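**Student:** Two chains, two frames, a set of hints: combine them into the complex.
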Amino acid sequence: MRRFSWVRFVAVLKKEFLHIFRDRASLIMAIAMPIGMLLLFGYAVNTDVEHLSTVVWDQSQTADSRDFITSLRNTQYLDPDNFVQGYKEIEGYLDSGKARAAVIIPPDFGKSIQGQKQANVQVLIDGSDPTVARAVKSAVQTLGLDKSLQLQSQRLVAMGTASGTNMALNIETRVWYNPDMKSKNFNIPALIGLILQNVIAMLTSFSIVREKERGTMEQLVVTPIRSLELLMGKLLPYVFIGFVSLSLILAVGIFWFGVVPLGSVSLLVFLATIFLVNVLAIGLLISSVAKSQLQAMQMTFILILPSILLSGYIFPRETMPKLLQLIGGLLPLTYFLDIVRGIFLKGVGLQYLWQDTLALCAFAFIFLAVSAKKFKKTLD
Amino acid sequence: MKLAIDCQGLVKRFGTYTAVQAVTFQIPPGKIMGFVGPNGAGKTTIIRMLCGVSVPTEGQATVLGFDVLTEPEEIKQRIGYMSQKFSLYDDLSVKENLDFYAGVYSLRGKYARSAKTQVIERIGLGERTSQMVSSLSGGWKQRVALACALLHNPQLLILDEPTAGVDPVSRRVFWDLIHQLAKEGVTVLVSTHYMDEAETCDFLGFVFHGQLIAFGSPQEMKKREAKDNLDDLFIYFVEHEASDDPRNLIIKKGGRG
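Sequences listed follow chains A and B, in order. For the first sequence, the working numbering gives the first residue as 1, with consecutive numbering after it. For the second sequence, the working numbering gives the first residue as 1, with consecutive numbering after it.
Just chain B, same shape as in the assembly (with noise of 0.2 Å):
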């Protein structure tokens, strides 16, 4: 079966910053991959790596069998995208932002018009399709750019962060969908900081100083370094893996790990 997902060995440098160190891993269809880890850990530059938007400086990836090196347009045409900022025009209808992707994905007249209302029925925008973007709780808009990236029937979903600072409610809905989404086939990659979503992943990767330190089901995770949930593995991973970082004091003189 070929894989969805194949990193082997990826570096990225920024100047004598090194961001992301060998990171190898491998991701069959229609499987969901959460990635973990602190903030500035390298979670977003590998994600553009395989985007295709950011070039390597070392290693090599294909994304649904594309290398990322030399065919990033072709990766472009079949992923979906949604980042941690919202990515919808404010000043645009809900409306207005579908028609705008779906161009963008070079959908056109009738096959077009199915895909928006495939989509809006799905998530369920039906009435708001209308409404200015601007107007729209913070819920909406995470679905709304949910909606835009996945017209184009998109083989991978590339999720960066896509639940902060939403409601549980509108949480819940989102996970829901993405695995209806995974169930049909859809390959999902997301980075997240919140335990309870990275639970119910297929593959947990915790990413920390630009390595991937660990790999495996959330189930293999907790069962090797013998934790009871995926919080205290979390706290165990950063204090293990860097004791001499300053951030680290703060948890332990909070007198947990």
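Just chain A, same shape as in the assembly (with noise of 0.2 Å):
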């Protein structure tokens, strides 16, 4: 091995950066693109289900029938704001969405309650997003129960039968870790993740591939200047980037979202610098394979898509078939999203989370090895 010449490294390095800087698109790049996304993301990827506009239609008008339709707006699910008189209007408002269920009250409502009978009430569920289906379904469902248990027992006091109003069995759950379950907490985390792989396996792989297009490499391969010191001078400068946007995702993360991490920020400061060893080594990847900037975008952009499927960024990964799973295991950003979930929610630390590090190391040591090999056959 011939020495290492710090003179040529510095060189590059100095070259890398007056390129960066001179080069406004990747600039912009750099800053502009991890907020964008942060903002574009963070406010899409929304699967809170909350307020959603309701239609009622009230035959029974009396003080019980109103003081239901409190309750359900009272579990935030639902806005019982529009009021309609029979079945077609009903039929409008779901068939055109502008809203998203639809609550009958029946005119005996009020007279089955008062007089110890069984009350009927139907509600209609726009099920083509399953999510709020599904969210609206359990809301109204635990609204009922709860109705009927307290109904139950107003009877049982009033007919002298029992004293209190105890329930048999009563179930207690408490959510961990994200109380609120807002989805903006188990989304921006995962963003740090996702933008610093897209962005900068983009950018390093455009400062290598731009090298072969203007065609200087074809004038450096004739220098003495050694493919390591070539490699870490082009890939330096990024890794700088790459904290820039780390610092600006997390920036607004916390102080804008208000998603603030649990657990040690360091460790998560540390750890990402692993991830983007592996993301730079991807650039890299791409960079070997690619022939132009325009192939080396499309390439960044065929990952984007089992970035986001497979990693479990949106989808729990438990639920998929094996395969997909397996495929999902071969994604770096898979084991970066644990650890950065685990920080930003749990706040545990490397003794639970070794195992994705360990992972993750075995990756960039792996990628670096097989890019740094191609980079040095183009070299040749």
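Hints in this document: simulated from the structure, not taken from any laboratory. Being a predicted model, the structure only gives us computed values, none of them experimental. All the given hints hold, so there is nothing to weed out.
Label pairs and their in silico Cβ distance ranges:
#, chain 1, residue 1, chain 2, residue 2, range
1, B, Ala226, A, Met232, 51 to 61 Å
2, B, Arg108, A, Phe240, 19 to 29 Å
3, B, Ser135, A, Ala32, 22 to 32 Å
4, A, Leu236, B, Arg172, 38 to 48 Å
5, B, Glu71, A, Ile314, 53 to 63 Å
6, B, Glu71, A, Leu236, 26 to 36 Å
7, B, Thr16, A, Tyr352, 51 to 61 Å
8, B, Arg108, A, Leu323, 52 to 62 Å
9, B, Val55, A, Ile314, 43 to 53 Å
10, A, Arg24, B, Ala164, 23 to 33 Å
11, B, Asp196, A, Leu236, 44 to 54 Å
12, A, Leu236, B, Val169, 35 to 45 Å
13, A, Tyr352, B, Ser135, 50 to 60 Å
14, B, Glu74, A, Phe270, 38 to 48 Å
Facing chain B, according to a computed beta carbon distance under 7 Å, are these residues of chain A, among others:
#, residue
15, Arg8
16, Arg22
17, Pro224
Below 30 Å or equal to it, Euclidean Cα-Cα: the simulated BS3-like pairs (lysine-lysine) are:
#, chain 1, residue 1, chain 2, residue 2
18, A, Lys374, B, Lys85
19, A, Lys373, B, Lys85
20, A, Lys14, B, Lys85
Ideal Cβ positions, reconstructed from N, Cα and C, are used throughout, including at glycine.
**Tutor:** Here's what the structure looks like:
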């Protein structure tokens, strides 16, 4: 092995920084794209079901029916703001999407409740979005259960057969880590990984492919520069940009979206660095295959789809078929998502994250070895 | 006297295709050797092997006394290379390009500064050092590229079609520099399509179908085949060597040769 020359390495490093500062497009990509993606994904990818517009046909018009409608509103899931008469109108609301649910209270509702009989309420749910439909269904079912228990015990007390309103079995549920079950708490930390991967991999591959495209690579091979010096000099600026992007995303996540990491930020930054090495190696691999910047861009976009679908970014990996789980397991992002979510939501440290960390290290090692070897070949 | 280039039976095959066949020639130091021949004849492949970038399939060669197979790094540090494509970074200024190549050749500190000043003065780049390369004309880009190749005082300058697409005035300036450098003892290996340039070389090699089919001084070569000028000689060689080549039919139809 010939000696590593700092002079040559620094020359490449300087030149690369000059390229970055001169090239407005990559500067914008490095700074504006993370923030843009964060705002876009942070707001658009929201699976929280809240305040769905609801249409009500109250045929009873009694204190009891109005009381029931108020309870519906108090669940926060439904906003019973539209009042109609008849199924025709309800159909219109649901068909047009003006309402996602319809509540039909029969004329005898008040009478049944007062008269110790069973009262019926019909709820129609727009099931086109299963997530929404499930949430509404369980909300109204819980409400119905609560209401009937309450009425039951009131009736028992009135009859004098029971003295209290204690239930025989009380199940208390408590949600840990994300008590309000806000999807942004789940999404924003994961976006750190997704954004870093896409922006940095693209920029890195660009910087090397550009050298091929312009023909300057041909000149570099006849100079005494070693591939390691060239590689390090070209990659290091992107580590720096990666940290800038990371800080930006963290800052916007914490101060704008209010998603604060429970665990150690320094551990997060440390593990993000290992992830960044993975991303650089991916960029390098892309650049060794791509012949033009356009191709490099297309390849990065091809990478985005499995990254979103298979890494557990949106959908839980446990429910996927074995094969897809396996493919997801080949993405470094999958492991990094476990890490960021662990640190952000659970506040856990390395004692629970060491397996994911080890996987990231292994990937970094393999990717770097393969891509460095491929890169060397392009030089020879 | 040590030879600048000693090339013995170089062969390069890409799969079953033979790009270069048994090329043998020698150049003493301080001489200008010109490569002429049609496009795709194998000039660039020979040059790449001599730079230590491409490994010969057979044969051997020493450049400045170093073996191209075992000591390519020694060769790379001592030669200046400039190719037909502009090898400069468009988005950097002339000075930044020079700084980069100075670093790549491990020049530093005072030595790097004096090397840069010398080259800037010699090539006459003084007023353009802060200009972006993208704003330079083709001729000036060529001169900046030469400046970058001369920074580390190479003993051998390898130029692959350096004047392709450059205006006549810039071409003249460029060749004056080449001759000046040769006088100072720098060996020059240059490939060209311009016969007026070839005429001024000390040695000429005619490359065709991967073979060096003629080698010698321009005067010798013309005398050997009894031709008045190199243009005629060029066409004579192409016809003579490969009369079945479809490209030659066009030449014959033109009624020349």
